[in-house]
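*Asks:* This is what each chain is made of:
Protein chains: 2
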Amino acid sequence: MKFSELGTKTLRNSPKDEESVNAKFLIQGGFINKLGAGIYTFLPLGLKVLNKVESIVREEMDVAGGTELLMPALHPAENWQITGRWDSFDALLKTKSNFGGEYAIGPTHEEIIYPLLSHFVSSYKDLPVSLYQIQTKFRDEKRAKSGLMRCREFRMKDLYSFHATGEDRDKYYEVMRKAYLKIFKRLGLNVIETKASGGTFSELSQEFQVIAESGEDTIYYCSKCKIGINKELRRELRSPTSGSLKSDFGACSGCKGELIEGHAVEVGNIFPLKKKFAEDFKLTFKDKSGKDTLVEAGCYGLGTSRVIGTIAEVCHDSKGIIWPRSIAPFSVHLLELDGKKAKIKAFTQKAYKRLLDAGVEVLYDERDVSAGEKFADADLIGIPFRAVISEKTGGKIELKERNSKKIKLIKVDELIKKLNGNIR
Amino acid sequence: MKFSELGTKTLRNSPKDEESVNAKFLIQGGFINKLGAGIYTFLPLGLKVLNKVESIVREEMDVAGGTELLMPALHPAENWQITGRWDSFDALLKTKSNFGGEYAIGPTHEEIIYPLLSHFVSSYKDLPVSLYQIQTKFRDEKRAKSGLMRCREFRMKDLYSFHATGEDRDKYYEVMRKAYLKIFKRLGLNVIETKASGGTFSELSQEFQVIAESGEDTIYYCSKCKIGINKELRRELRSPTSGSLKSDFGACSGCKGELIEGHAVEVGNIFPLKKKFAEDFKLTFKDKSGKDTLVEAGCYGLGTSRVIGTIAEVCHDSKGIIWPRSIAPFSVHLLELDGKKAKIKAFTQKAYKRLLDAGVEVLYDERDVSAGEKFADADLIGIPFRAVISEKTGGKIELKERNSKKIKLIKVDELIKKLNGNIR
Numbered sequence: 001m002k003f004s005e006l007g008t009k010t011l012r013n014s015p016k017d018e019e020s021v022n023a024k025f026l027i028q029g030g031f032i033n034k035l036g037a038g039i040y041t042f043l044p045l046g047l048k049v050l051n052k053v054e055s056i057v058r059e060e061m062d063v064a065g066g067t068e069l070l071m072p073a074l075h076p077a078e079n080w081q082i083t084g085r086w087d088s089f090d091a092l093l094k095t096k097s098n099f100g101g102e103y104a105i106g107p108t109h110e111e112i113i114y115p116l117l118s119h120f121v122s123s124y125k126d127l128p129v130s131l132y133q134i135q136t137k138f139r140d141e142k143r144a145k146s147g148l149m150r151c152r153e154f155r156m157k158d159l160y161s162f163h164a165t166g167e168d169r170d171k172y173y174e175v176m177r178k179a180y181l182k183i184f185k186r187l188g189l190n191v192i193e194t195k196a197s198g199g200t201f202s203e204l205s206q207e208f209q210v211i212a213e214s215g216e217d218t219i220y221y222c223s224k225c226k227i228g229i230n231k232e233l234r235r236e237l238r239s240p241t242s243g244s245l246k247s248d249f250g251a252c253s254g255c256k257g258e259l260i261e262g263h264a265v266e267v268g269n270i271f272p273l274k275k276k277f278a279e280d281f282k283l284t285f286k287d288k289s290g291k292d293t294l295v296e297a298g299c300y301g302l303g304t305s306r307v308i309g310t311i312a313e314v315c316h317d318s319k320g321i322i323w324p325r326s327i328a329p330f331s332v333h334l335l336e337l338d339g340k341k342a343k344i345k346a347f348t349q350k351a352y353k354r355l356l357d358a359g360v361e362v363l364y365d366e367r368d369v370s371a372g373e374k375f376a377d378a379d380l381i382g383i384p385f386r387a388v389i390s391e392k393t394g395g396k397i398e399l400k401e402r403n404s405k406k407i408k409l410i411k412v413d414e415l416i417k418k419l420n421g422n423i424r
Numbered sequence: 001m002k003f004s005e006l007g008t009k010t011l012r013n014s015p016k017d018e019e020s021v022n023a024k025f026l027i028q029g030g031f032i033n034k035l036g037a038g039i040y041t042f043l044p045l046g047l048k049v050l051n052k053v054e055s056i057v058r059e060e061m062d063v064a065g066g067t068e069l070l071m072p073a074l075h076p077a078e079n080w081q082i083t084g085r086w087d088s089f090d091a092l093l094k095t096k097s098n099f100g101g102e103y104a105i106g107p108t109h110e111e112i113i114y115p116l117l118s119h120f121v122s123s124y125k126d127l128p129v130s131l132y133q134i135q136t137k138f139r140d141e142k143r144a145k146s147g148l149m150r151c152r153e154f155r156m157k158d159l160y161s162f163h164a165t166g167e168d169r170d171k172y173y174e175v176m177r178k179a180y181l182k183i184f185k186r187l188g189l190n191v192i193e194t195k196a197s198g199g200t201f202s203e204l205s206q207e208f209q210v211i212a213e214s215g216e217d218t219i220y221y222c223s224k225c226k227i228g229i230n231k232e233l234r235r236e237l238r239s240p241t242s243g244s245l246k247s248d249f250g251a252c253s254g255c256k257g258e259l260i261e262g263h264a265v266e267v268g269n270i271f272p273l274k275k276k277f278a279e280d281f282k283l284t285f286k287d288k289s290g291k292d293t294l295v296e297a298g299c300y301g302l303g304t305s306r307v308i309g310t311i312a313e314v315c316h317d318s319k320g321i322i323w324p325r326s327i328a329p330f331s332v333h334l335l336e337l338d339g340k341k342a343k344i345k346a347f348t349q350k351a352y353k354r355l356l357d358a359g360v361e362v363l364y365d366e367r368d369v370s371a372g373e374k375f376a377d378a379d380l381i382g383i384p385f386r387a388v389i390s391e392k393t394g395g396k397i398e399l400k401e402r403n404s405k406k407i408k409l410i411k412v413d414e415l416i417k418k419l420n421g422n423i424r
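These protein sequence lines are chains A and B, in that order.
For the first sequence, the positions run 1 to 424 when UniProt numbering is used.
For the second sequence, the positions run 1 to 424 when UniProt numbering is used.
Calculated from the structure, these hints are not laboratory results.
Straight-line alpha carbon distances no greater than 27 Å define the calculated BS3-like cross-link-like pairs of lysine-lysine that follow:
1) 125(B) / 345(A)
2) 9(B) / 171(A)
3) 231(B) / 256(B)
4) 392(B) / 353(B)
5) 282(A) / 34(B)
6) 400(A) / 9(A)
7) 341(A) / 125(B)
8) 353(A) / 400(A)
So that you can see chain A by itself, here it is in the shape it has in the complex (with noise of 0.2 Å):
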């Protein structure tokens, strides 16, 4: 893609009334715009890289034997009404029509996946199911100041699963836990797997946590296992009898290795939902004896939006971001400098056709704008791989890596080898 045909530019300082480092390089960068307090439009660059990641867990849901749906945003109060959540749920946005009906607008799906799947469970021949959605969510968050770490409208996957027995939910957890670690691995996050609040030792129930110094939530993890606890939780724990982790400040129990006090980010979370919301929504299937018994149920959450947030957070430098191969909005950034002289202008066409050709993602900087400019928003967009024509390449193109500081002169056709080879 040509830069000009992104329909927006990198800004030329970073917002002043943002002071989150991920709001402040994703705005000025062009992948995000601030509409209001939490409310960001994505941009075509954000789009791409909120894209990337969506698929990344989009596949690892479908291999884990998910079935994707969608469902609604706008909820009828009844629902809600039915689990008490309409007056308990803080932060529930909610409207209402002119022609009757009141809706809380979705934060979550439970109110619908449970009388949903009443038309299609009766049997335990019906069970176990697993469906999610990739979808806008919507929250009336009190503090909205973190850029895509906290917002009132988001992107979230959320699957929900449903099994004829405890047991098997359980099973299931172990199956959904490892696609989450599958999922923060290909998206470049270094994940702790962290007991949180309202779930116990012996219990299955985990947050994924990021380990960031603007993260919300305070955990104490082990610097060996990598497995860690919630400060919220350590606070409600007196005797824990089970589990890796002592509960006083000392040494992991299971492999003895420090435990770090560190800021961090929630980036999933997966629990049991046990049968609170069958009970509810009675949803039952008849057993093999024939009698009705309820659901048992899994809950697993991974926000999409606040992933590149985080990432932003953890991946940048003072130039702006150093975005993982797998989400980078596109794999080289094509620098065209001197591009007034026809000879350059012709080269550099050439290359990005044959770049295109050999269908590498490739954003082409044609903008008659100084050198010095170009490569301070190639650093600050933060694609992968840096490539640059100018009279001095000499009918090469000069390489170097976003992270790295080593420039390397290398032919169209060593440019290609090498990203095919990294990206196929």
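Guided by the hints, dock chain B onto chain A, whose structure is given.
*Replies:* Just chain B now, kept in the frame of chain A:
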């Protein structure tokens, strides 16, 4: 995909609370589920159709020079107050934060994209810009009784183009008009290009209408040249001075073809916004002489979920939907009869695997239900090809097209070839 992996089922009976053909078939077939008036979940089968429709739209918008972005659904009230539509837009749903701030829940995005563009447009060199999104929209529809035809929450593609001059805008209008015709052709929809209320003969502004008994619009259209006029407009016009249709009942002034009255569904509309919103939001650029000039714009809408409802309305028989190949949820529906016999089961599983390996999208009905139920479901779901394996087919596959009665025995290899040939 195996039928049992869908997580949903077809329903034995068509829903009693739905009047429209599209809702009846789409719900009974397991494509959508009704959550409330004009609010539907896209179940796995329905989401597959939606994704195919939106992929076609996306491809053609990209070809036409559009760049995709994603704007929020929560719109600060201030943006809508600036245009005066906070009070005047009939179907506006609103919500309020507990921490300050009121929002419109986005029914259209002029109020968002104009202030957004002001960050990126300052000179004539920054124009034209063409940005689109494919996204969920919200409207407080009074009559939400026609399935996917008129919803309170629905999917839509909206593109906004911005230009330095009216001439450039009109030139782009023609590019988009042709893109729309190509999209509807690929979707298998016959559209009538219709002059709409609000426009005049001498102006570029039109709807794309599909003739359907259940359509809410009434249009007069030429039987030969397939252009039309909305009844609403016909009433408004007293003496049109140009255009190819006469204002009184009679023949088409262009080709002398007969004018026919018919009900129709509007699946898209394109029109110039001129300078209306640019004035509201002070969206200007410096022209070549350095003068501040208001930006000219056009707006191009296409209802992607309504397209699905429309196709169900016009492409069905008494047994169910007949999907065009381009948007069918799968290319072939593989029915395993006599699956209790190990030999048949093994042969069908092998055929399924070979189809998958060949990249064919196949729905494999491996359920332990009667042949009659499988045939009925195949007709109801409406996948273009039905492939039956049973004792009778003797090592071959019995192939039938959904909209034909002819049956043919072919080998697995031939089926793969036929489907690849059709699809790729």
